[in-house]
Amino acid sequence: MTTLTLSPGAVRAGASRVVPYVIAVLFAFLASGVLIAVLGHDPVDAFRAILTSSFKSSFGFVETVQKWVPLVLLALGFTIPLAAGKYNIGGEGQLLVGATAAAGVGIVFANLPMVVLLPAILLAGVVAGALWAGIAAWLMDRFGVSEILSTVLLNFISFGIVDYVASEVWSDPAAGHPTTIPVGDGALLPLIGNPSMHSGVLLAVLVAAGTVIMMRRSVAGFELNAVGANARAAQVHGIRIGRIVVGALVMGGALGGFAGAVEVAGIHGKLIEGMQSNYLLLAIIIGLIARGNTLAVPFVAFGIAVLEVGASAMQRSAGVPSEMVLIVEALILFFLLLSDVVGSRLRRSER
Amino acid sequence: MSEVVPFLQLMVTAMVPFILAAQGTMLAGRAGIFNVAQEGMMVLGASVGFLVSLKVGGNLVGLIAAALIGAIFGLVLGWTTTKFGLDQFVISLALFFLATGVASLLYKVVIGVTLTPPLIDTLADWKIPLLGDIPVLGPVLFNQDGMVYFAFLLSGILYWLLYRTNLGLKLRSVGENPKAADSLGINVARTRIVTATVGSALMALAGAYLPMVYTGTYTDGIVSGRGWLAIALAFFGGWRPQYILAGAAFFAGMEVLALRVQVAGVAVPHQFVSMLPYVATLLVMMFAMRWARVPGFLGGNYDRESRTAH
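For the protein sequence lines, the chains are A and B, in the order given.
Okay, so the first sequence: first residue is 1 according to our numbering, each after it adds one.
Okay, so the second sequence: first residue is 1 according to our numbering, each after it adds one.
I should point out that these hints are in silico values taken from the structure, not numbers from a laboratory.
If you're wondering where the values come from, they're calculated on a predicted model, not measured in any experiment.
We treat Cβ as the ideally placed atom computed from N, Cα and C, and that holds for glycine.
One or more of the hints may lead you astray.
[Claimed, not checked] Derived DEER-like restraints, expressed as beta-carbon distance ranges:
| no. | chain 1 | residue 1 | chain 2 | residue 2 | range |
| --- | --- | --- | --- | --- | --- |
| 1 | A | L202 | B | D87 | 31 to 37 Å |
| 2 | B | V294 | A | E168 | 37 to 43 Å |
| 3 | B | G168 | A | N278 | 37 to 43 Å |
| 4 | A | G144 | B | S183 | 29 to 35 Å |
| 5 | A | N278 | B | K83 | 40 to 46 Å |
| 6 | A | E168 | B | W126 | 42 to 48 Å |
| 7 | A | R348 | B | A246 | 46 to 52 Å |
| 8 | B | V113 | A | L30 | 26 to 32 Å |
| 9 | A | Q235 | B | L60 | 51 to 57 Å |
| 10 | B | P6 | A | A231 | 48 to 54 Å |
| 11 | A | L206 | B | I72 | 42 to 48 Å |
| 12 | A | H177 | B | W291 | 43 to 49 Å |
Work out the full structure: start from the sequences and follow the hints.
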């Protein structure tokens with residue numbers, strides 16, 4: 001049974017991966033606990049609310065899982081270009097144009113049966129997101145415009161598009177907020193499981209698994225990682241960098257657009273201004289905490305979803321403003337980065 | 001003429017946040033630190049500047065407090081990237097998130113949720129004697145609030161510092177080739193920490209200007225992308241203070257134009273007009289990237305023990 005015995009080296013390698021996370025989370029909670037106490041609230045109450053509300057009720061659990069869906073999709077949309085050394089800060093815009101396209105198809109063809117309409121709106125979201133990121137990819141490839149800037153600026157342009165569509169094109173005047181009329185019933189993702197949640201959860205699991213396989217087992221994934229690791233070496237070995245990088249950004253956009261379509265088809269049933277929430281920030285935090293590892297992304301995303309669902313519970317029961325959770329998340333990332341430094345210094349001193 | 005003067009007056013006011021944030025970006029960038037936390041620094045500056053002005057009293061105190069908190073964040077950025085060698089982009093994103101969280105948390109803690117948000121006094125205009133009486137130029141340039149003069153003066157000082165002093169030459173060399181600078185005895189880490197600190201303080205000042213001139217109060221969306229536009233402006237201005245000052249006029253002009261068109265009730269839907277600054281920036285970037293000079297070592301960390309050529 002040699003496979004079960006772990007060499008001391010393997011144990012140490014595993015520990016050196018996990019320990020920084022544990023330390024970072026502990027320090028982040030410690031620091032924010034002090035902050036909560038300074039603000040005059042009980043940190044223990046606050047953290048209990050944050051950590052347990054996802055698991056206390058089936059409602060909380062469903063909310064967490066459904067929040068996980070856009071987070072994991074956007075985080076993968078950030079992580080794939082990151083592997084090629086490109087930063088996709090446009091997940092928000094990609095989600096919104098995806099949602100707009102999905103809602104548009106769902107409203108215009110509202111009478112079609114589900115077998116046609118549901119795939120159509122999901123596809124519309126994917127295509128719209130890919131095209132939106134494609135603009136940034138084209139600007140980068142053709143004109144050398146930094147993808148960081150172009151993807152961010154496209155976010156702000158997408159806000160205007162959503163506002164226009166939701167308050168001028170298919171506006172629902174009764175809503176009192178820029179909102180479209182509902183999509184057709186055939187466009188809604190059916191509920192599955194017990195407690196029941198929308199089937200986009202299943203799709204997200206499949207997409208996440210597919211992404212991991214692509215990144216680790218396919219030629220495209222290998223080339224992508226090669227470009228990110230050393231673009232010059234990759235080029236020397238005949239990898240066409242431009243095509244890989246553009247493809248990675250477009251794929252990231254497609255995932256963002258898909259997230260938007262799933263939000264429309266699974267959660268809202270329509271396009272609502274502001275539906276992007278703060279998913280972009282969270283997705284980047286997830287991608288960076290996972291250190292760009294696509295296999296780790298779904299798990300980190302679940303942790304962040306738990307914190308996010310817990311945030312409102314914390315505000316209700318402990319009176320701590322829900323913004324505290326963003327601080328906790330940013331601190332986890334910050335301490336994780338710092339723990340790398342401590343770790344590498346320790347390793348150096350051992351030698 | 002009656003249309004032009006108010007437009008230019010508004011434009012000069014709108015230039016201030018762009019100038020301050022982009023010059024802050026440029027200053028750190030010329031020493032090689034690529035800070036992308038502008039949006040966060042500005043939100044935090046807006047929140048702290050507003051709250052301190054309201055609770056302690058006086059816009060000047062608010063501005064100083066905003067600059068200080070920005071400086072602290074800049075110090076963290078400079079310290080962690082130079083002393084610990086952490087990735088500049090990742091650290092500044094983390095600081096961006098942290099600043100965003102702290103900004104809205106502070107507002108919630110101090111003010112809470114209200115139907116009528118409390119207001120602070122907006123900055124008073126200081127008319128400069130004689131110069132303020134010149135037609136057109138007078139009201140546009142010499143009858144503005146103190147921060148306008150500060151932003152323009154700062155741009156001049158930065159130009160002088162970077163291109164006319166030995167200190168500036170050293171600073172630029174750190175951003176172009178830190179190894180060469182190091183070999184000449186220039187303290188690369190200290191230069192970077194100082195410029196990152198001052199740069200972030202300027203970004204926070206840029207944010208604090210928004211509630212003090214436009215709204216009189218703080219809202220979470222107050223910065224609305226100006227921080228990211230400031231990065232675009234730094235590229236657009238070729239990382240040189242004089243061109244950034246000129247470019248700020250373009251960015252501010254787009255912003256004021258979008259406002260004016262909405263007020264004038266042109267047949268174009270206002271949602272499309274509000275996209276104008278961002279679309280214009282993207283278009284301009286397409287051409288600016290061809291001639292824009294970027295500091296040679298922008299965004300790279302300097303490791304004096306590294307064996308590669310840098």
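Okay, the hints, checked on the actual structure:
Between A/L202 and B/D87 the Cβ separation comes to about 35 Å, which falls inside the hinted range of 31 to 37 Å. The hinted range of 37 to 43 Å is satisfied by B/V294 and A/E168, whose Cβ atoms lie roughly 41 Å apart. Checked against the given bound of 37 to 43 Å, the beta carbons of B/G168 and A/N278, roughly 40 Å apart, stay inside it. A beta carbon spacing of about 31 Å between A/G144 and B/S183 agrees with the range 29 to 35 Å that was offered as a hint.
Between A/N278 and B/K83 the Cβ separation comes to about 31 Å, which falls outside the hinted range of 40 to 46 Å. Taking 42 to 48 Å as the suggested C-beta distance range, the pair A/E168 and B/W126 conforms, at roughly 43 Å. In this structure, A/R348 and B/A246 meet the distance hint of 46 to 52 Å, their C-beta atoms being roughly 48 Å apart. Range check, B/V113 to A/L30: Cβ separation about 28 Å, and the 26 to 32 Å hint holds.
Evaluation of the 51 to 57 Å hint for A/Q235 and B/L60 yields a pass: the beta carbon distance comes to about 55 Å. Between B/P6 and A/A231 the Cβ separation comes to about 51 Å, which falls inside the hinted range of 48 to 54 Å. In this structure the supplied range 42 to 48 Å holds for A/L206 paired with B/I72, their Cβ-Cβ distance being about 45 Å. Between A/H177 and B/W291 the CB atoms are about 44 Å apart, so this pair conforms to the stated range of 43 to 49 Å.
Checked against the numbered hints above, the structure breaks only hint 5 and satisfies the rest.
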